[in-house]
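Colleague: Sequence:
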Amino acid sequence: MTDSSTQSAETLGFQAEVKQLLHLMIHSLYSNKEIFLRELVSNASDACDKLRFEALDKPELLEGGEELAITIDYDKDAHTLTISDNGIGLSREEAVANLGTIARSGTREFFSQLTGDKQKDAQLIGQFGVGFYSSFIVADKVTVISRRAGLPADQGVRWESDGQGEFTIAQADKATRGTDIILHLRADEDELLNGWKLREILRRYSDHISLPVRMYKEEWDSEKSEQVKTAELESVNQASALWTRSKSDITDEQYKEFYKHVSHDFEDPLAWTHNRVEGRSEYTQLLYIPKRAPFDLWDRDAKRGVKLYVRRVFIMDDAEQLLPNYLRFVRGVIDSADLPLNVSREILQESRDVRAIREGSTKRILSLLEELAENRAEDYALFWTGFGQVLKEGTGEDFANQERIAKLLRFASTHSEDATQAVSLTDYVGRMKEGQDKIYYVTADSHAAALASPHLEVFRKKGIEVLLLSDRVDEWMLSYLREFDGKSLVSVAKGGLELDDLADEEEKKRRAEVAEQFKPLVERLQKSLEARVKEVRTSSRLVDSPACIVVGENELSPHLQRMLQAAGQSAPDIKPTLEINPEHALLARIQAASDDQFDEWANVLLDQALLVEGNALPDAAGFVQRLNKLLLQ
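Here my numbering = 1-based position in the sequence shown + 18.
Warning: the hint list may mix true and false statements.
As the list claims (entries may be wrong) - Derived BS3-like pairs (lysine-lysine); straight-line CA-CA distance at most 25 Å:
#, residue 1, residue 2
1, K451, K512
2, K451, K425
3, K94, K51
4, K76, K51
5, K381, K321
Claimed, not checked - Have a look at the derived ranges for each label pair, beta carbon to beta carbon:
#, residue 1, residue 2, range
6, Q609, E421, 47 to 53 Å
7, G481, R363, 40 to 46 Å
8, A466, K512, 42 to 48 Å
9, G481, E392, 24 to 30 Å
10, E392, S258, 31 to 37 Å
11, D436, R363, 43 to 49 Å
12, L400, R329, 32 to 38 Å
13, E218, A466, 48 to 54 Å
14, T29, A249, 34 to 40 Å
15, R329, Q33, 35 to 41 Å
Since the hints were derived computationally from the structure, they do not count as laboratory data.
Beta carbons are placed, not taken as given, at the ideal position from N, Cα and C, and that holds for glycine.
Could you put the whole structure together from the sequences, leaning on the hints where they help?
Modeller: Next comes the structure, spelled out in structure tokens:
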């Protein structure tokens, strides 16, 4: 299969991350070792796709125009298995870069998550996508002989390694373009030197490949009493793009294997949608929702998007323009009948056809999520755990679908103190108290902090549900999601909170009397704290706590201010309002304090309220000194 001669070799070292990946992969993935063949065939398919795309502008790269194909062969005597393709091939520089390093964003973070637990590591490694390196699961030496299309025959390259830390690379003669990967199998891998076994693996894992995957025909040799290879090649797969087939002709298993091909994920997808769209734009979409979030979901530099084909010709791996950013977790293929074959990323941004594909594909994914939420609650809960924060971004990015996205959102709430028990806004509205016309929420740095907020006290007393929001994206989301089902979303920590609608006449009368009774104390506190607070007033929201801080309706919440500061951004210096619970015993103690102690008590009261909100004190040492002084007195 190979026709090369090799010149002097150079020895180079693997990137450190490659060494770590090889070690962990061989030990973690061995129980599922057959995936190596899927990965190598998938890479070979990609190489052929890339050649077909580059040949649109440079037809001479096809070098004679033979059919693009992948060939699998084995040699029992040499104990080798060879995967060959006549795709784009590799130059020397590409061989060093692609086979010796992992040039992928988020690599360091990925390796920091590996634990040495085989089961957990196998799942993570699967998300990372091991590709070529999976060869070393079954081989103790791998030889790659390749020539990039367009280079002369003597500009081939031979790469070889035992996976222990180094590889050799040398110039080689190769008459044909493309790549041969020769696996020198481990001693206990004899079952891979069997045509029937290889065909069984290929049909299971690679039947969806749109190129022919070929092996030499075999026939029974009565003298040797075994199957022997003939000189004739035959295709062992259907060799038609899976997304072009009728849905009725595709099994769930084939859909799942195709997902693993396009995503390099080892797990099955959570759900998928396969449709042919006709009308103003004609295209086919096969889109998948993964089970788990990839490690680089929040990496701004990570490649996004689905595979784009035009009339079955591969165009690009990561066409991010075909779906909005908040659906960046979606994997799959979109095949357009209308876009030009020489489409560029710039054309994608401006194309009317692309806008139609984007809108149609977005609606399909939202419909799929709605179906999951309605009929497969456990699967939707799994989706929400992995991708909920990303979906929340859609409230500000996709105003046309904001209402649909809002119905898909899930939140923790005081309805259940279990943080994993998420409720929808529809659930919340259905449980609203008589006379309640607002959806109440509180934001905090963590679920525990939200649950402990003093702002919840009157709501607990009245049995009114409050949403507990602690994701970093929540404050941003709330700047766009102002209402749901005609009900305003209102922060319980904002100063303009109107609870009179939920109070009876006796309660309103009692509040007015308390405000009048403690007016001198409020004025005294206001004077003492005038440099630190905008206002002091009696509170209608506190039951058990002595005080809390609130901000104006249109001011940044303390939580958002902390987030901005943590991100290195400037936040306006906002003086909070201090609300006091005059019926709390501590307020009675403060009211009775002498003039020389009153300022100390007032500042301690404010500092406590700031601490409960999660704020850093402007003068922590002063707080400790004041508190110690008061305790000693």
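Colleague: For each hint, tell me whether it holds in the structure or not.
Modeller: Each hint tested on the structure:
1. K451 to K512: The given pair, whose Cα atoms are some 21 Å apart, holds under the 25 Å limit.
2. K451 to K425: With a Cα-Cα distance of about 20 Å, the restraint between K451 and K425 holds, given a limit of 25 Å.
3. K94 to K51: With Cα atoms ~20 Å apart, K94 and K51 stay inside 25 Å; holds.
4. K76 to K51: Violated: K76 and K51 sit about 38 Å apart, past 25 Å.
5. K381 to K321: holds (22 Å)
6. Q609 to E421: 47 to 53 Å: holds (50 Å)
7. G481 to R363: 40 to 46 Å: The hinted range 40 to 46 Å is violated for G481 and R363, with Cβ atoms some 54 Å apart.
8. A466 to K512: 42 to 48 Å: Violated: the Cβ-Cβ distance is about 22 Å, outside 42 to 48 Å.
9. G481 to E392: 24 to 30 Å: Given about 28 Å between the Cβ atoms, the range holds.
10. E392 to S258: 31 to 37 Å: holds (34 Å)
11. D436 to R363: 43 to 49 Å: holds (45 Å)
12. L400 to R329: 32 to 38 Å: Hint holds: Cβ distance 36 Å, inside 32 to 38 Å.
13. E218 to A466: 48 to 54 Å: 52 Å Cβ-Cβ, so the 48 to 54 Å window holds.
14. T29 to A249: 34 to 40 Å: holds (38 Å)
15. R329 to Q33: 35 to 41 Å: Since R329 and Q33 have Cβ atoms about 38 Å apart, the given range 35 to 41 Å holds.
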